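Produce the entire structure from the sequences given, and follow the hints as far as they go.
Residues per chain, in single letters:
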Amino acid sequence: MQAVYPQGGQVNVGCGPRFDLVDIGHPHYVAVVEADTAFWTLVPREQALDMVLGSDLPGEFAQRYERFQKEMQALRFGLTPSAVYFNPTERCNLNCPYCYLPEDMRRAGMDMAEADLFRALEILSEYFQETLPPDSVQPQVIFHGSEPMLRREVIFPAMEKYAHRFRFGIQTNATLLDDEALAFIRSREISLGISLDAHLPEINDRTRRTWGSKGVFGPVSQVLEKLAGYPNYSVMCTVTQANVAHLPEIVDFFHGHQVGVAMLNPVRCTQAGGRASKPDDAVLARHFIAALDRAGELYEQTGRRLVLANFANILIAITAPTARRLMCDISPCGGGRCFFAVAATGDLFPCSEFIGLPQFKGGNIFVDQIPAVLESPQFRRVSRRRVEDFAPCDSCVIRHFCGSPCPAEVYTTYGTMQAPAPYCDFYVEQVKYAFRIIADQRLEAYLWEGWNQGTEQIFGL
Amino acid sequence: MKKQHAGQKQQKPLKPIGFRYSCNLNGSNTGLSHYILLDKKN
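So the sequence lines, in the order shown, correspond to chains A and B. Quick note, the first sequence lines up with residues 1 to 461 if you use this note's numbering. Quick note, the second sequence lines up with residues 1001 to 1042 if you use this note's numbering.
Please keep in mind that the hints were generated in silico from the structure rather than gathered at the bench. Source: prediction; values computed, not measured.
One side only, chain A facing chain B, incomplete, derived with CB under 7 Å:
no., residue
1, Thr41
2, Glu71
3, Thr322
4, Asn452
5, Phe459
For every residue, glycine included, the Cβ atom is placed at its ideal position computed from N, Cα and C.
The structure is reproduced here in structure tokens:
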């Protein structure tokens, strides 16, 4: 049901807007937030009461309420899939203890046959031609893992053949990226994500290692050096107990290696190994914020930024909600509605994170119609999960900057999806930090160049 | 934009800060999960 806010309605009563105050930890500013529309304003502390209870801010809000509301509705419920995570194999040559895929699958799983992989891409191409609006960009296919480069002899020809129908990406542990593979990727401007957990082998190799427990820092750091100057890659660092205390040094390392975009992703708790590796929320928040501080310092010292994409996405969720790039931090999340995953078996899941959870299989790409799979009960459990439907998120002011991710890890951690994120406190600290960055007018240190290109300013004080 | 560290003394009087940008949802910004990159948008 849609609320109606008549112009000039009284704040926090009747049909008036619901404004909450949030202490963002800034010496001069607090945030005023209307949670349903993700509307916010930073106000000087001493003016906060007058701003909330006066007529100016409610008036400004009322004038734009309908637009804000429609925008959030479209973002949360009006999108159609435009990307696919595609696992060409179940196997991996590494045995990282926190992986979201079960060990037996990674150790001795199956490959998708070459003919099936091409057939699947054909099916996906037809699906997107029918469903994406004519003015949209090409759909994305990300070869994902397990380790997709184990199927290089299949995915490289596939990317050649379908270059005009998809934008391709590869998320890889980088151990199989030889010079020939890198030349192929560079020449075709394929998006590349590589995984590296630390700046030193003794830390990285605690989590990134082969089945024989051999660390892979050496070869992966060499790949990083070879990628210098390539504009279309990023590095994913999974944050665990093993590396959480070193995040600022890791930022230094990435920046020193000319990395433009990195993610410091807290390990997902979807499988037992991830839950065992989870850093404490408060510890994570402290070191993550130190890493953000360091990234800001490096930008000011060098003029070159390292975008920490998972944080940048929170910042964008606040400043330009519809321009966000990653769809984990919104409810419903992107799983099963902005993207979905194709397993090596052809089975379809809302997101790769669910591939190890068979109860979330919504169908099979070779058997079922994709639109029907998207409406399957298994997918709808994810794509209809709303923070409004469970406590404490239903009354949390930052619920649309966080989204209570991720449904897979919430489900395996608590036995239900109707629960807050395992990293709830960490999200609170991230959002408060983001507001402090806005208060200090330092967005340019944390967002990519031209972040607001193609956008329109719809509110400004 | 003016650069200033959190906590650094600011000029008075302070003014409220508020802005919001919007873009059309045509598939170019619908986003992915944490497991993938920004695809030449950085």
